[in-house]
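Visitor: If you want the building blocks of each chain, they are given just below.
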Amino acid sequence: MTGGNDGRAEIISGPAAVAPHVTGLWVALATLALGLAAGLVWRSRNGRLREGGDGGMRLGEAAIGAPLGERATLVQFSTAFCQPCRATRRILHEVASMVPGVRHVEIDAESRLDLVRSLGITRTPTVLVLDESGTVVKRASGQPRKADVITALGAAVSHNTSHNSDEM
Amino acid sequence: MRADPRALRFGAAVTTVVLATVLITGSVWLLAAQALVFASGTVGRSPYTMLFRRLVTSPPKETEDARPPRFAQAVGLVFAVAGLVGYLTGTTPLALGATAAALLAAFLNAAFGLCLGCEMYLLIRRLQPGRVS
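Protein chains in written order, with the numbering used here: chain F, 1 to 168; chain Y, 1001 to 1133.
Treat the hints with caution; some may be incorrect.
[As the list claims (entries may be wrong)] Computed, partial: chain Y to chain F, Cβ under 10 angstroms:
id	residue
1	T1021
2	G1026
3	E1062
4	R1067
5	A1074
6	V1075
7	F1107
Don't read these hints as lab results, they were simulated from the structure. Positions of the beta carbon are idealized from the N, C-alpha and C atoms, including for glycine.
Construct all of the structure, not just a fragment, from the sequences and the given hints.
Guide: In structure tokens, the structure reads:
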């Protein structure tokens, strides 16, 4: 903590001077600066769709408890008390009904802790974009933007065409 | 139980101002008052959100589950009490550190809508498979 040494030096002067105001002011300013930096980083990462990162992990109908979409599947992990999950559901539902061959599947994280652990999911909502074979192509933690979801779907569909040999 | 997210955000903004003032003035009484506010927030009766309801009468567009923010208020209470112990015993690093931690969480909530305590709630629930119905 900034100015901690000053604080310790002033303690010696007696209990009445426990919180040296100057140190406190610096601590407050440093905390707010840290909060601003951390908040900006969080906001830039939250809901961003990134590469699957699960070594091309593949989820089938049995794992997600619903049939895969013909071209791609948007898998959303939610919890009952998660506020951004509802907005995410709305966005993914809109995209799925707009793009043919795309399905939106929502999974209650608490009832599928096995899947949550194997996928290393720590937050809800987490959104996985699967290609037609069920391979995790993209992943976002936090509420994604609609335009980003559409872009990620484009990547999933091109993933299909470039991996035609994988098809069963 | 549902909560108005605007009221929670307003409460976080007031908490930010109060905790920054505590750090700057070193006022133990103000921190004690904030601890009481956190305590009443754990049962959904925070004076800040009640003040918001007085000032803003329009209904919220959306509501959210009240459990995570209540849990977050309990986390805030723990830090406020730790800060009080620090101020009262003359342990400056504890006093400033604990108050600063609570200030950081309140600021992130007020400025970015990021509720650290709520994220902790989700992680803790994840570690409790026994309580899943």
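Visitor: Next step is simple, just say for each hint if it's right about the structure.
Guide: Hint-by-hint comparison with the structure:
Among the interface hints, the one on T1021/Y holds; its C-beta lies about 9 angstroms from the nearest C-beta in chain F, closer than the 10 angstroms criterion. Residue-level restraint check for G1026/Y holds (minimum Cβ-Cβ distance to chain F is 3 angstroms; threshold 10 angstroms). Taken as an interface hint, E1062/Y checks out: its beta carbon lies about 7 angstroms from the nearest beta carbon of chain F, inside 10 angstroms. The beta carbon of R1067/Y is positioned within 10 angstroms of a beta carbon in chain F (closest approach about 5 angstroms), and the interface hint is therefore held.
With its C-beta approaching chain F no nearer than about 15 angstroms, A1074/Y sits outside the 10 angstroms limit, and its interface hint is violated. Interface restraint check for V1075/Y: the shortest CB-CB distance to chain F comes to about 15 angstroms, outside 10 angstroms, so the restraint is violated. Look at F1107/Y: its Cβ gets to within about 4 angstroms of chain F, closer than 10 angstroms, so that hint holds up.
Of the numbered hints listed earlier, those contradicted by the structure are 5 and 6.
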